[in-house]
Amino acid sequence: MSTAQTVELETVAIRFAGDSGDGMQLTGTQFTETSALLGNDVATFPDFPAEIRAPAGSLAGVSGFQLNFSSHEIYTHGDAPDVLVAMNPAALRVNIGDLKPDGILIANTYAFTDKNLEKAGFEKNPLEDGTLQMFRVFPVDITSMTLEAIREIGLNQKAAVRCKNFLALGLVYWMYNRPLQHTIDWIEKKFRAKVPDIADANLAALKAGYHYGETAEIFTHNYVVPKAKLEPGRYRGINGNHALGLGLLAAAELSGLELFLGSYPITPASDLLHFLAAQKHLGAKTFQAEDEIAAVCAAIGAAYAGGLAVTSTSGPGIALKAEAIALAVMTELPLIVCDIQRGGPSTGLPTKTEQADLLQVLYGRNGECPVPVVAAATPGDCFFVAIEAARIALRHMVPVVILSDGYLANGAEPWKIPDVSAIEPIHTEFRTDPEGFLPYARDENLARPWAVPGTPGLEHRLGGLEKEHLTGNVSYDPANHQFMTELRAEKVARVAQHIPPTEVHGPASGDVLVVAWGGTYGAVRSAVDHLIAHDRAVAHVHLRHLNPLPDDLGEIMGRFERVVVPELNMGQLAMILRARYLIEIRSICKVQGKPFKEAELIRDISAELEHAR
Amino acid sequence: MTRYPDLPPTDASALSAKDFKTDQDVRWCPGCGDYSILAQVQRTLPTLGIPREDFVFISGIGCSSRFPYYMNTYGMHTIHGRAPALASGIQCLRPNLNTWVITGDGDSLSIGTNHLMHALRRNVNLKIILFNNRIYGLTKGQYSPTSEVGKKTKSTPYGSLDHPFNPIAVALGAEASFVARSIDVDAKHMKAMIQRAAAHEGTALIEVFQNCNIFNDGAFAFISDRRERPKTSLVLEHGQPMRFGKKKEYGIAIGPDMKPRVVDAEAHGVENLLVHDEGNPTIAYLLSQLSHPDFPTPIGVFRDIQRPVYDRMLQAQVDDARARKPGRSVQDLIESVHVWEVR
Ligand SMILES: Cc1ncc(C[n+]2csc(CCOP(=O)(O)OP(=O)(O)O)c2C)c(N)n1
Ligand code: SF4
Ligand SMILES: [Mg+2]
Numbered sequence: 001m002s003t004a005q006t007v008e009l010e011t012v013a014i015r016f017a018g019d020s021g022d023g024m025q026l027t028g029t030q031f032t033e034t035s036a037l038l039g040n041d042v043a044t045f046p047d048f049p050a051e052i053r054a055p056a057g058s059l060a061g062v063s064g065f066q067l068n069f070s071s072h073e074i075y076t077h078g079d080a081p082d083v084l085v086a087m088n089p090a091a092l093r094v095n096i097g098d099l100k101p102d103g104i105l106i107a108n109t110y111a112f113t114d115k116n117l118e119k120a121g122f123e124k125n126p127l128e129d130g131t132l133q134m135f136r137v138f139p140v141d142i143t144s145m146t147l148e149a150i151r152e153i154g155l156n157q158k159a160a161v162r163c164k165n166f167l168a169l170g171l172v173y174w175m176y177n178r179p180l181q182h183t184i185d186w187i188e189k190k191f192r193a194k195v196p197d198i199a200d201a202n203l204a205a206l207k208a209g210y211h212y213g214e215t216a217e218i219f220t221h222n223y224v225v226p227k228a229k230l231e232p233g234r235y236r237g238i239n240g241n242h243a244l245g246l247g248l249l250a251a252a253e254l255s256g257l258e259l260f261l262g263s264y265p266i267t268p269a270s271d272l273l274h275f276l277a278a279q280k281h282l283g284a285k286t287f288q289a290e291d292e293i294a295a296v297c298a299a300i301g302a303a304y305a306g307g308l309a310v311t312s313t314s315g316p317g318i319a320l321k322a323e324a325i326a327l328a329v330m331t332e333l334p335l336i337v338c339d340i341q342r343g344g345p346s347t348g349l350p351t352k353t354e355q356a357d358l359l360q361v362l363y364g365r366n367g368e369c370p371v372p373v374v375a376a377a378t379p380g381d382c383f384f385v386a387i388e389a390a391r392i393a394l395r396h397m398v399p400v401v402i403l404s405d406g407y408l409a410n411g412a413e414p415w416k417i418p419d420v421s422a423i424e425p426i427h428t429e430f431r432t433d434p435e436g437f438l439p440y441a442r443d444e445n446l447a448r449p450w451a452v453p454g455t456p457g458l459e460h461r462l463g464g465l466e467k468e469h470l471t472g473n474v475s476y477d478p479a480n481h482q483f484m485t486e487l488r489a490e491k492v493a494r495v496a497q498h499i500p501p502t503e504v505h506g507p508a509s510g511d512v513l514v515v516a517w518g519g520t521y522g523a524v525r526s527a528v529d530h531l532i533a534h535d536r537a538v539a540h541v542h543l544r545h546l547n548p549l550p551d552d553l554g555e556i557m558g559r560f561e562r563v564v565v566p567e568l569n570m571g572q573l574a575m576i577l578r579a580r581y582l583i584e585i586r587s588i589c590k591v592q593g594k595p596f597k598e599a600e601l602i603r604d605i606s607a608e609l610e611h612a613r
Numbered sequence: 001m002t003r004y005p006d007l008p009p010t011d012a013s014a015l016s017a018k019d020f021k022t023d024q025d026v027r028w029c030p031g032c033g034d035y036s037i038l039a040q041v042q043r044t045l046p047t048l049g050i051p052r053e054d055f056v057f058i059s060g061i062g063c064s065s066r067f068p069y070y071m072n073t074y075g076m077h078t079i080h081g082r083a084p085a086l087a088s089g090i091q092c093l094r095p096n097l098n099t100w101v102i103t104g105d106g107d108s109l110s111i112g113t114n115h116l117m118h119a120l121r122r123n124v125n126l127k128i129i130l131f132n133n134r135i136y137g138l139t140k141g142q143y144s145p146t147s148e149v150g151k152k153t154k155s156t157p158y159g160s161l162d163h164p165f166n167p168i169a170v171a172l173g174a175e176a177s178f179v180a181r182s183i184d185v186d187a188k189h190m191k192a193m194i195q196r197a198a199a200h201e202g203t204a205l206i207e208v209f210q211n212c213n214i215f216n217d218g219a220f221a222f223i224s225d226r227r228e229r230p231k232t233s234l235v236l237e238h239g240q241p242m243r244f245g246k247k248k249e250y251g252i253a254i255g256p257d258m259k260p261r262v263v264d265a266e267a268h269g270v271e272n273l274l275v276h277d278e279g280n281p282t283i284a285y286l287l288s289q290l291s292h293p294d295f296p297t298p299i300g301v302f303r304d305i306q307r308p309v310y311d312r313m314l315q316a317q318v319d320d321a322r323a324r325k326p327g328r329s330v331q332d333l334i335e336s337v338h339v340w341e342v343r
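First to last, the sequence lines map onto chains U and Z. Going letter by letter, the first sequence gives residues 1 to 613 in my numbering. Going letter by letter, the second sequence gives residues 1 to 343 in my numbering.
Don't read these hints as lab results, they were simulated from the structure. Treat each hint with caution, since some may be false.
[To be verified] With a cut-off of at most 25 Å between alpha-carbon atoms, the simulated SDA-like pairs for lysine to any residue come out as follows:
| hint | chain 1 | residue 1 | chain 2 | residue 2 |
| --- | --- | --- | --- | --- |
| 1 | U | Lys280 | Z | Arg307 |
| 2 | U | Lys594 | U | Ser606 |
| 3 | U | Lys280 | Z | Ala321 |
| 4 | U | Lys158 | U | Thr113 |
| 5 | U | Lys597 | U | Asp98 |
| 6 | Z | Lys21 | U | Trp450 |
| 7 | Z | Lys188 | Z | Ala14 |
| 8 | U | Lys190 | Z | Trp340 |
| 9 | U | Lys190 | Z | Ala321 |
| 10 | U | Lys416 | U | Ser71 |
| 11 | Z | Lys21 | U | Thr432 |
| 12 | Z | Lys21 | U | Ser606 |
| 13 | Z | Lys191 | Z | Asp162 |
| 14 | Z | Lys325 | U | Val420 |
| 15 | U | Lys280 | Z | Lys191 |
| 16 | Z | Lys21 | U | Gly472 |
| 17 | Z | Lys325 | U | Asp271 |
| 18 | U | Lys189 | Z | Ala321 |
| 19 | U | Lys194 | U | Val161 |
| 20 | U | Lys229 | Z | Gly269 |
| 21 | Z | Lys248 | Z | Tyr285 |
| 22 | U | Lys280 | Z | Pro326 |
| 23 | Z | Lys21 | U | Gly464 |
| 24 | Z | Lys21 | U | Glu468 |
| 25 | U | Lys280 | Z | Ser329 |
| 26 | Z | Lys191 | Z | Tyr35 |
| 27 | U | Lys189 | Z | Lys191 |
| 28 | U | Lys194 | U | Gln181 |
| 29 | U | Lys416 | Z | Val337 |
| 30 | U | Lys190 | Z | Lys325 |
| 31 | U | Lys416 | Z | Ser329 |
| 32 | U | Lys194 | Z | Val337 |
| 33 | U | Lys229 | Z | His338 |
| 34 | Z | Lys18 | U | Asp271 |
| 35 | U | Lys416 | U | Leu37 |
| 36 | U | Lys189 | Z | His338 |
| 37 | U | Lys190 | Z | His338 |
| 38 | U | Lys189 | Z | Gln331 |
Next up, chain U with everything else stripped away, as it sits in the complex (with noise of 0.2 Å):
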């Protein structure tokens, strides 16, 4: 029995790192899913190679996955880890950095071999050398322990091998009191019909680890996590891209409308088109085009036809798809364009998270070509952003941006399931009449009639040539296109007539105010949190809405001293303001492929806070 003594946290972050082969995502999803049953809040960021299957051991091919969990409400996935589980000196390598001082760093020992440790850059071992001193560190041979707890099964060494990442979760199952339920349960489902034996071996390296743990005596604590204080509720977990998925359908079904994606695979967005192809049972028709310009093209032809038309890509995509996009501004279709940011500019870094499509959204387009945007602020938030983007879409008769980026699109967290059936449903109305049809007559939101094929009398015909007031004829007229243009301009203002009244979380006014937009929520909430717990007189307001931008913005940052934009970028959302309010904005700008930390928001935001003194 254990005689580790037990001791009581708030909240642990663990990151699982290894080579991109190693089930380093399935270990720390399953180790999620496991506290998040156990009532823990829990944020999760996985960070994976852009090279599928990069040459073992070598630093390009690390995949990690970190996890926070915690007794209390979180938003992130967590500065700096707590424990660090590195399946090899590259993990350990490309890692160590974040590992907190005094952290747990648990080490495979049996790949670190003198060929791995060279492939990593290492001299010597560090694990003998002296250079971890600062960290507990754990050598633990998780390869052999593997080998050895399955050996009876008989698989073969490579198979028997691929499961060590069971053995490494035992073990930190252990150290943190979870169950193993989940996972063995999970475990059976996947393997058990179709492979028996590799369902055996995984269930007995989990329970190899826990009880190597438990009985090792090489550990003298474990842990515990209590449950957090969660908003009472039915949850599940949630990452972003099956968020905005469940979204889209959402808005089909309050819209009485035929879901259409056109697509084309780009990372971090290609999940959403499984997603949704996974999904015809509920009516969601799915194209993967020949490339990004069809995919959007095909939508915009659904869209023609009365279906509610989406496209999603990443940023390279929304690049081709401006020619398209512009279309459908003049021809005034709704259309829901899903942009999941990378690291760009080009390829760029296509696993990595970036905010920097804020500007190619707005204005990367020929011509005065206005769309409404809106930014998604967490993994749970993209089912609403959705939900909002197809609203706005319909109501205005007009494309819009749904900004998205790597890390909420795979980060997951707990989400309270929303209850469809209470959300408002979506108004539409396709024109029947033919008495005094105008394809270009507008309603009080500046909309334009739905007119679809099929419907008899009613035949018109649209394009991208610039379009007479009301009668939709091509018109080369100069005052018309000047009226023309206004009138779509002023379409995508009268946006802002629906947004709510700004939230500002934190005091009224004050000396900063941190306008914050998308993925960042999480980081800038908990920065803003920790320093009004600290008596800084600092709020927070997040924008979902970048197109139009709420009516009651500019009287808001007027209340503080200073107004301090962080992003993900080189202060896009920053210029916008600049240029649209015309005030002093300070911008915290963050480009490597990274979400910020909360503890360099805090370093930035009270720096600002010792200025506005």
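Assemble the complex: chain U is given as a structure, and chain Z with the ligands must be docked to it using the hints.
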């Protein structure tokens, strides 16, 4: 559930050509071949038994792509080269519509080749009319991907260098299920081709030789001249020996070297002539390689086969999935993973 305006269809039998004309002034140059193609389409649609509200005409950019503005149907003048993609979206969402694509040789074989080929390969239920004038008309006369080598235009004052695309061969390469060719001036033939394309299930491509009398006048003079045509063209008829000439005095035969040659029909024996078969890809490809002046240029249907239609299959997948899991809602999907209760 899906809801489109559920109104009774109008009477298709009462339609005539004038029902398909719009009040917009047609703005092609006087004498442009586009006029006659427009007239034939307007004359042919009423013969198809399809209500007017079900027709959709989608075009790209070019002189030819102005076409939808002159058709009193649903339609869209889209962006350069992308019409097949946009039309695919319409047809995939609503397979019961009748979607036509109007495109030029630059539109469909330069900037939009990709989309044309993929539409043909998928076999989406689209009827594509490719106006081939072997020139860029709208941008005022640059050579196009179907222009002959050595063509002198504003952008190729020393003559063009690149080998042209053969639209029929490109379509056959994409394994198109229906491929035909017609001539702007041959009203009767074009009408027949439009009817054949309309009757085809899947993507149908008709290449129309179209005269641009401003920038490439006479490009097809060898075949548009009524007196020359019997000698310079080979009218394809399924199941019939390939014969041409004023009195059908010539024929196409295959030599022992497997190469086609022009023969005297009677002397060679009509029974020894090559017989056209719209289902035979080898014959279709062989025909695509025949052209004036060494051979008569074939017009008619090169290929017409049945294969599964993309938009129908997509609809069937959805219907099938729905039948297997009836009555599901988004709420069900949200709750289909592990759910736990926080008290
Ligand atoms: C993106 C883009 N590039 C270029 C153009 C200019 N452009 C318009 S039509 C055209 C060529 C049209 O040639 P074709 O398709 O043969 O049509 P035609 O005018 O001969 O009927 C070009 C290059 C454009 N409208 N859009
Ligand atoms: S430029 Fe040529 S193709 Fe264009 S309208 Fe004039 S004649 Fe026709
Ligand atoms: Mg042309």
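Those earlier numbered hints the structure runs against, lowest number first: The structure conflicts with hints 12, 13, 15, 20, 27, 34, although it agrees with all the remaining ones.
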